[in-house]
Structures are given as C-alpha cells and as structure tokens.
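Asker: Here is what each chain is made of, one letter per residue.
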Amino acid sequence: MIVADRKKIPEIRDMIKNHRRVLLVGCGTCVTVCLAGGEREAGIIGSALRMALRLQNRGDVVVDECTIERQCEDAFIDLLAPRVSDYDAICSLGCGAGVQALAERFPKMPLYPGLNTQFMGILESQGVWTEKCSGCGNCRLGEFAGICPITRCAKRLFNGPCGGSRDGKCEVHPDLGCGWQLIYDRAVNLGILGRFERIVPPHDWSTGLDGAPRKVVREDQCIAGLCSRT
Amino acid sequence: MNDEPVILAFCCHYCAYAAADLAGSMRLQYPGNVRVLRLPCTGKLEVNFVLAAFERGVDGVIVAGCLEGGCHYLEGNLRARRRVERARQLLVEIGLEPERLEMFNLSSAEGTRFAEIATTMVERVKRLGRSPLRPDTKRTEHGIQEIGRQAEAMLAGEKR
Ligand code: SF4
Ligand code: SF4
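Chains as they are written, first to last, in the numbering used here: chain A, 57 to 286; chain B, 265 to 424.
No lab work stands behind these hints: they were computed from the structure.
Note that this is a predicted model, so its numbers are computed, not measured.
Note that beta-carbon positions come from the ideal geometry of N, C-alpha and C, so glycine has one too.
Just to be clear, a hint being listed does not mean it is correct.
Only part of the chain A face toward chain B is listed, based on derived beta-carbon distances under 7 Å [to be verified]:
1) I100
2) A104
3) M107
Same shape as in the complex, but just chain A (with noise of 0.2 Å):
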C-alpha cells in the first residue's frame, strides 16, 4: 500500500489561513491503514486546524472535514462534488495521487496536501510501516530472491554488496539491514546462491519515473473509449 504521514499542523494551518472556508478530506483506503489521512485522523486534524486558526485570530475559517472511500477514482469524487461549492479550498489528506485527482476534477479549487506520502510499503510491526518497492516498472524481484536491490539496497546495488556492509548492517544507517545480506541470506536457504557468481547486467531504467509519467492500459477494460486522461 501507499505509507503516508501527515504534516504537521503549523504548516497545514498557514497553507489554508487566507481561505474562509476548507473542505478537509480524508482518504479511506491507504491511508487509513497507515493511519494518516482516514476518517478518525481527518477528525484530529481537523479539530487540530480549527484551534490552531483561531488561536492566530483566524477563527472566522471554517475547517469541515468529509471522508471518501477513494480519492484517486472519479466514482468516488463523484460523491463529494455535491458539496466542494461550498467551500474555496480543499485540504485533501490523500496520498499525492488523490490530491491530484481532486484538482484535476475540481479545476478551480486550490487543493493542499495534508500529508507527506512517503512510499509503497507494508506494515511492519504494530505502528511501523517500511519501504519495499520503487515502482521501477521492471520487477526483478524473482532474479534477487525476493527481495528489492533498488528499494532495500540504500545504493541500489545489482551487484552487492557494497564494502559498508557489516555484521548484517548497512553503513548508511546503523538500524538499516544491509539488502544484500537479505539477499544473501533468502539466497542461501533457496539454494540458490551460485546465481550471484555471475555480473547482474545493468537495468533497463526505461520503464521507471525518469522519463516521464507513466500509465498502464488495459484495453480490454477501457469502454469509454482510450483514455480520457491523459
């Protein structure tokens, strides 16, 4: 899923403080896993705001917050546009993703971000969330024993590992566990260590962020027509 982690309210406040009144909206699917921007967390943030502004005599602000299931599906947006005349500005507590989607669909709103949205990731431990995929549109995740050189490794090694790394530690970071030795490690108990004997080519780097957006069609799927979006 998307980890994200909310902003911290001093700098959400003076973002809105010059509107009269801002649509706080949550997110009720990434985000509300990772316990940012779901229904509750637009409760807190939204009371939080509300303090905030009128503790700078900008209590005139009117902050009400609305959860959606999904910000980054129009189906979804459909359901809040009823209401978005009513404000002039919107706080959206989705990822990048669903803020974008608001503005675009909302043309002449301003839209701020709430959050800080970090990384595709999963949840660790009670609370704890960690990166694991960079979304490099190549997945060579079967060739590393599973797990991701480019996310894991801090260098982005193919070929691992580095000299820093000691005792199952990487030197970038002394809590950081070195990706190679994981996948040295998972390597070792699939049996299948002497791949790593050979030199893993460079990568095919076209498919990730670097040259632009990217999109994926599914043609099949697209009855109205290719792609309104662009």
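Knowing the structure of chain A, use the given hints to seat chain B with the ligands on it.
Answerer: Below, chain B with the ligands without anything else, positioned relative to chain A:
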C-alpha cells in the same frame, strides 16, 4: 465563576471513576470544577475526544486509568498513555500548553489520590490561565455534556 477553570476527567469505570465516587463518600474536599466522565476503559479514549474537549474550551483534561498491569482489558491503559502522549504533541502544534493534559494511574481504593489529582490539575491550570479557546463557559459546559453523551453511548455499547 466564569474565571474558574473547567477540567474534564476521563475516568475508567473500574478504577478512577470508582475512586472519584469513593472520594465523594469519604467526604473529601476536591475542587468542584472537575467534571468526571466515565469510560469503559481508558483504552476507549480516542485522541479526538481529548481534542473535542479542548476545542470546546475546557482548560484542562485528566485521563485517569488503572494502575499499570491492572487494566481489566489488559493493556487499555497503556494504549491510553500513548494516545495521551500523541494528543500532547498535537496540543504543542496547535499552540496550547501540553501540561493542560495529563494521564494518571490509580486504583479504585484511592479516593484520596483522586482528590489530590483533581487539586493538582486545577492548581496547574490556574497557573497557566484560562484556555484561550474558552470565550464562553456555558458553551464549554454544553460541549462537555455532548462529549459525555457520546461516552455514555459508548459505555452502553450503542453505535455513535
Ligand atoms: S524491482 Fe522494481 S518493481 Fe520490483 S520491487 Fe523493486 S522497485 Fe519494485
Ligand atoms: S551496506 Fe548493503 S544495503 Fe548498504 S549500501 Fe552497501 S550493499 Fe547496499
């Protein structure tokens, strides 16, 4: 009267609420401006309840749960302590003094301790001064009742 602080105490049914009751039966003196709100367990306390209280203008909030290790639901009070910490961080970001909120642990037999806690918080809040978010005591009292109704509904197992 309007300058008297208003303090809301979220009290666990099994300990602090009983202790507050005991303080009453023991005829102990404690400040009358502490409003006691019963929760089934402090683990039921959500950060938004605390913020709702401050937003409605209370000057201080007490969260009172069982002694650590003594929670009827095993770790409700430990969770509450974390949430109180988080709410205090939010108070700082909002611009309110985090000392306005504190969690205490006590047993149902500690009527005297409850009275002490109430006195401590009232004195502390008096030092800090009235909450800048309480222009109108009546509305604050009304807000507390509203939060109380939600807590009661929760206790009765009703859907909010
Ligand atoms: S190889 Fe690419 S797609 Fe696969 S996990 Fe790593 S970043 Fe993600
Ligand atoms: S120590 Fe391991 S994870 Fe860190 S940069 Fe080197 S190979 Fe990558």
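Asker: Now tell me if each hint is right for this structure.
Answerer: Taking the hints in turn, this is what the structure says about them:
no., hint, verdict
1, I100, "5 Å, holds"
2, A104, "5 Å, holds"
3, M107, "5 Å, holds"
No hint from the list above goes unmet by this structure.
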